[in-house]
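Put together the whole structure using the sequences plus the hints.
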Amino acid sequence: DTGVSQDPRHKITKRGQNVTFRCDPISEHNRLYWYRQTLGQGPEFLTYFQNEAQLEKSRLLSDRFSAERPKGSFSTLEIQRTEQGDSAMYLCASSLAGHETQYFGPGTRLLVL
Amino acid sequence: DAKTTQPTSMDCAEGRAANLPCNHSTISGNEYVYWYRQIHSQGPQYIIHGLKNNETNEMASLIITEDRKSSTLILPHATLRDTAVYYCIVRVSGGSQGNLIFGKGTKLSVKP
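Line order of the protein sequences matches chains E and L.
Under our numbering, the first residue of the first sequence carries the number 1, and numbering increases by one thereafter.
Under our numbering, the first residue of the second sequence carries the number 1, and numbering increases by one thereafter.
Hints were generated in silico from the structure; no laboratory data involved.
Even glycine gets a Cβ: it sits at the ideal position worked out from N, Cα and C.
Don't take every hint at face value.
Said to hold, decoys possible - The calculated DSS-like cross-link candidates involving lysine-lysine, where the alpha carbons are at most 25 Å apart (straight line), are:
1. E:Lys11 to E:Lys57
2. L:Lys52 to L:Lys111
3. L:Lys111 to E:Lys57
4. E:Lys57 to L:Lys107
5. L:Lys107 to L:Lys3
6. L:Lys52 to L:Lys3
Said to hold, decoys possible - Heads up, incomplete: computed chain L residues facing chain E, CB under 7 Å, no partners named:
7. Cys12
8. Pro44
9. Gly50
10. Phe102
11. Gly105
12. Lys107
13. Ser109
14. Pro112
See the structure below:
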């Protein structure tokens, strides 16, 4: 399967713990995006990278959230000191600059107890 | 906020065409119309996009009005597996803008 992959698919954690999610984009895609989706809502943009550069961050991305894409390939999204309000589906997408169709992964569903 | 307006829900009989409308009255000349769908508990799936001409691919057809203020996504022969939330999004193609702005979409229920 050459699509976008995300790991883990599900994560249950206790409030206050740190969690890290990984996204592997489609191999030739140089843009990578993170979104968050809560129940009953459409996905909301968090941040995006072009190669290793983080070009845009949403106001939703509080200082407890950090995203990296060190070698311009896979990306990680870390949430520190998780809160119950962080419970959501975290989606990753990738695209090729100049061809703006974004292809999404299956998402990581986070539950903070 | 999303720049599109869609009905909250629609029903369609299996085997019939599903026509999903979208209003985007403030669309700019350089903005494309994109359609994605999201089947329960999965990531959004790209369906089709267009600028001003009608488009067709193996999944669907996209009809854009001449004034570009509205569009319709057509699934020609809906199946039960087409039950999903369908999102209509307008955005500039290319450039530095990254994100897609999703609204709440239309929940399409295909019934046997």
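We went through each hint and held it up to the structure:
Distance restraint check for E:Lys11 and E:Lys57: the Cα-Cα separation of roughly 24 Å lies within the 25 Å cut-off, and the hinted pair is therefore satisfied. As the CA atoms of L:Lys52 and L:Lys111 are separated by approximately 32 Å, the hinted pair breaks the 25 Å bound. Only pairs whose Cα atoms come within 25 Å are accepted, and L:Lys111 paired with E:Lys57 is rejected, the gap being roughly 41 Å. Distance check on the hinted pair: E:Lys57 and L:Lys107 sit about 29 Å apart at the alpha-carbon level, beyond 25 Å; violated.
Under the criterion of a C-alpha separation no larger than 25 Å, the hint pairing L:Lys107 with L:Lys3 is consistent with the structure, at around 18 Å. Of the pairs offered as hints, the one joining L:Lys52 and L:Lys3 holds, with about 17 Å between alpha carbons and a cut-off of 25 Å not exceeded. At its closest, the beta carbon of L:Cys12 sits 21 Å from a beta carbon of chain E; the interface hint therefore is violated under the 7 Å criterion. Given hint, L:Pro44 at the interface with chain E, holds; its Cβ is 5 Å from that chain's nearest Cβ, closer than 7 Å.
Residue-level restraint check for L:Gly50 is violated (minimum Cβ-Cβ distance to chain E is 12 Å; threshold 7 Å). For L:Phe102, the interface hint holds, since its Cβ comes within 7 Å of a Cβ in chain E; the closest pair sits about 3 Å apart. Taken as an interface hint, L:Gly105 checks out: its beta carbon lies about 6 Å from the nearest beta carbon of chain E, inside 7 Å. A cut of 7 Å between beta carbons decides the hint on L:Lys107: the least distance to chain E is about 10 Å, and the hint is violated.
The criterion of a C-beta within 7 Å of any C-beta in chain E is not met by L:Ser109, whose closest approach is roughly 16 Å, and the hint is violated. For L:Pro112, the interface hint is violated, the least distance from its beta-carbon to any beta-carbon of chain E being 26 Å, above 7 Å.
The structure fails to meet hints 2, 3, 4, 7, 9, 12, 13, 14 from the earlier list, while all remaining hints are met.
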